[in-house]
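A.B. asks: Sequence:
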Amino acid sequence: MPDQELTCRDCGATFTFTEGEQEFYASKDLSAPQRCKACRQARKSQRSGPREMHAAVCAQCGAACEVPFKPRPVEEGGKPVLCQACFAASRGA
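Here the sequence shown is numbered in the numbering used here, starting from 1 and rising by one per residue.
Since the hints were derived computationally from the structure, they do not count as laboratory data. A hint or two may mislead.
Under the rule of at most 25 angstroms between Cα atoms (straight-line distance), these lysine to any residue pairs were calculated in the SDA-like manner [to be verified]:
# : residue 1 : residue 2
1 : 79        : 92
2 : 28        : 7
3 : 44        : 18
From just these sequences and the hints, can you work out the full model?
C.D. replies: Encoded structure:
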């Protein structure tokens, strides 16, 4: 299955639909993309709009932070909220 050159339906630019991408799309039973990567990203950002952020306090260091979900207290079944720095440090460990 050789690479295919496709034309974006939005901007008209030619983009490559690689053999690996074709295999992935086929395994998920998806049709070939109709838009280039830049137009797909632009369309996705238009649909989702800006994220609503909520104020929180980091459970590890106590710093004020913002998270993209409404935090619930641990006593009510919520999970501890970590600021970006503490979250990154916990992922690295």
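A.B. asks: If you check each hint against the structure, which ones fail?
C.D. replies: As far as the earlier hints go, not one is violated by this structure.
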